[in-house]
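From first to last, the protein sequence lines are chains A and B.
Going by our numbering, the residue at position 258 of the first sequence is 258; the numbering climbs one at a time, nothing skipped.
Going by our numbering, the residue at position 129 of the second sequence is 129; the numbering climbs one at a time, nothing skipped.
Honestly, the hints are just simulated from the structure, not real lab data.
Check each hint, because a few of them may be wrong.
[Stated by the list, open to error] Keeping only pairs whose Cα atoms sit at most 30 Å apart, straight-line, the calculated BS3-like set for lysine-lysine is:
no.	chain 1	residue 1	chain 2	residue 2
1	A	161	B	196
2	B	12	B	41
3	B	243	A	123
4	A	67	B	170
5	A	161	B	170
6	B	170	A	243
7	B	31	B	47
8	A	67	B	123
9	A	161	B	31
10	A	291	B	291
11	B	31	B	272
12	A	243	B	31
13	A	170	B	250
14	B	123	A	291
15	B	272	B	243
16	A	250	B	80
17	B	170	A	170
Since this is a predicted model, take the numbers as computed values, not measurements.
2 protein chains.
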Amino acid sequence: MLLGSIEAGGTKFVCAVGNEDYRILDSVHIKTTTPAETLQKTVDYFKQFKELQAIAVSSFGPIELRKNSPKYGYITNTPKPGWANTDFVGRLKEAFDLPIAWTTDVNGSAYGEYVMATLFNQKIDSLVYFTIGTGVGAGEIVNGRFIGDLGHPEVGHVRLKRHPDDLDFKGICPYHGDCLEGLVSGPTFEARTGKKGQDIPLTDHVWDIMAFYVAQAAIQETLLFRPAKIVFGGGVVSEPFLKKVRAQFKDLLNNYVDVGNLDQYIVMPLVKNNGSATVGDFALAVEELNK
Amino acid sequence: MLLGSIEAGGTKFVCAVGNEDYRILDSVHIKTTTPAETLQKTVDYFKQFKELQAIAVSSFGPIELRKNSPKYGYITNTPKPGWANTDFVGRLKEAFDLPIAWTTDVNGSAYGEYVMATLFNQKIDSLVYFTIGTGVGAGEIVNGRFIGDLGHPEVGHVRLKRHPDDLDFKGICPYHGDCLEGLVSGPTFEARTGKKGQDIPLTDHVWDIMAFYVAQAAIQETLLFRPAKIVFGGGVVSEPFLKKVRAQFKDLLNNYVDVGNLDQYIVMPLVKNNGSATVGDFALAVEELNK
Numbered sequence: 001m002l003l004g005s006i007e008a009g010g011t012k013f014v015c016a017v018g019n020e021d022y023r024i025l026d027s028v029h030i031k032t033t034t035p036a037e038t039l040q041k042t043v044d045y046f047k048q049f050k051e052l053q054a055i056a057v058s059s060f061g062p063i064e065l066r067k068n069s070p071k072y073g074y075i076t077n078t079p080k081p082g083w084a085n086t087d088f089v090g091r092l093k094e095a096f097d098l099p100i101a102w103t104t105d106v107n108g109s110a111y112g113e114y115v116m117a118t119l120f121n122q123k124i125d126s127l128v129y130f131t132i133g134t135g136v137g138a139g140e141i142v143n144g145r146f147i148g149d150l151g152h153p154e155v156g157h158v159r160l161k162r163h164p165d166d167l168d169f170k171g172i173c174p175y176h177g178d179c180l181e182g183l184v185s186g187p188t189f190e191a192r193t194g195k196k197g198q199d200i201p202l203t204d205h206v207w208d209i210m211a212f213y214v215a216q217a218a219i220q221e222t223l224l225f226r227p228a229k230i231v232f233g234g235g236v237v238s239e240p241f242l243k244k245v246r247a248q249f250k251d252l253l254n255n256y257v258d259v260g261n262l263d264q265y266i267v268m269p270l271v272k273n274n275g276s277a278t279v280g281d282f283a284l285a286v287e288e289l290n291k
Numbered sequence: 001m002l003l004g005s006i007e008a009g010g011t012k013f014v015c016a017v018g019n020e021d022y023r024i025l026d027s028v029h030i031k032t033t034t035p036a037e038t039l040q041k042t043v044d045y046f047k048q049f050k051e052l053q054a055i056a057v058s059s060f061g062p063i064e065l066r067k068n069s070p071k072y073g074y075i076t077n078t079p080k081p082g083w084a085n086t087d088f089v090g091r092l093k094e095a096f097d098l099p100i101a102w103t104t105d106v107n108g109s110a111y112g113e114y115v116m117a118t119l120f121n122q123k124i125d126s127l128v129y130f131t132i133g134t135g136v137g138a139g140e141i142v143n144g145r146f147i148g149d150l151g152h153p154e155v156g157h158v159r160l161k162r163h164p165d166d167l168d169f170k171g172i173c174p175y176h177g178d179c180l181e182g183l184v185s186g187p188t189f190e191a192r193t194g195k196k197g198q199d200i201p202l203t204d205h206v207w208d209i210m211a212f213y214v215a216q217a218a219i220q221e222t223l224l225f226r227p228a229k230i231v232f233g234g235g236v237v238s239e240p241f242l243k244k245v246r247a248q249f250k251d252l253l254n255n256y257v258d259v260g261n262l263d264q265y266i267v268m269p270l271v272k273n274n275g276s277a278t279v280g281d282f283a284l285a286v287e288e289l290n291k
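Work the whole structure out from these sequences, hints included.
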């Protein structure tokens, strides 16, 4: 079975073809320029594979994923220049007479981690996948299905208890100032310290401040959902950082509910090198095909 | 069809019999004393109704609702004296050879509001029901089902951005200090002002502080779930208070996602006089019967 995956990011598209065992047979990176050019290159890439049976897209957003909306399949009011109101799925449907699955980038990653967990014999019905990078978002799966009735979640924009040593930092979200994304996305390192996160050692106190906020985000997911596990991906995340997050999470939760072994609850992705969304796309493409 | 409802609260049990149209035919209040006495009186009440076909329980908690747990049907580690580790469903099963539905008090209320919304021709797949009273909790329905894989939600214990005029208040939650419940449950009025909430006019600034926190709770549910609506019940809530909550919610969300008409999104219960759980129980009893 030959399946297509498009992980549509704001800086690049990762296009891949693979099979129902989630094995990548070929892939390409396409720079995200204008919608016309980027989608044309995407179509040209997949046109090479005559045996393709379905394509799944995990896209940056916001996107419209309510099937009953006339804008289903669109990237909607994104601030990314040129991309607002782009009929992504429509363009693919024009080029391919194939089932097209459509979801958010973080939903795709969440789904990839969800199907991999099953392969690893973790019996779970629910999962949260956070990305903490240029932005902050999460995909959430409950009872095997994505969450979101009025639209997809936007968990990056919740408010948090401020760290006492960080009260002077206003946050960098243009919409909310000190929401989660405004406090912990990658660019906040430079806004706070003048240095990039990658150049700041984990012993620096700024990482404790970040962990305090990320732990609160994990607490929110825990107390609102009671998911089986919470996966953290994205450029800001590393195993040593998650160790700090777990410690703060434990303090903040104060054993109020049982989440099992914390080392298996707050975790790095099972799929390495940011590949979760591609795995998720292959799985979603199969599902779309079987509908 | 004759159905039983038990809304098991920490101070009283509301037991009712009714039908599949959610009409209450008879009801009684039983004071919550010891488990043995309270459950005996509950059993005695329902024994009067020979035609009873199913019973649903919406209970204070925490409770075990994972069907695969040996403690399914128990009230678990509640601080309420005498009630920890009480086999509630087991006691009912001993007395009645009937299907017994079992969920949390807030889930029962959420379900009542959910089925009533359908009767009111609101086409929704998701709903959040908050209670803000002696404690703070919420029941959450997504795709017609309750949320909670590792257990039921405990949304009262998330952390929040503190209001600048409330920074000196430590909060009253014995586990977390200034979590949501520690900041907005009924007893916080007395802790802050020495006066009960019912004696403080809505023009008092303390109500703005409360609304700021409750709005953040609504923001969390909105951004994590994107539910179709959020219902607020419990002793602290009134329509004039929700007006303040909506105003703060609008400020905090800053139009980041579309929730439709705010007056129809953040609302009082459709079922009056705290009756949502009884309606929910009747609906859950029917479902249990049809399983």
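**Report entry** Unsatisfied constraints (hint numbers, rising)
**Finding:** 3, 4, 9 and 12
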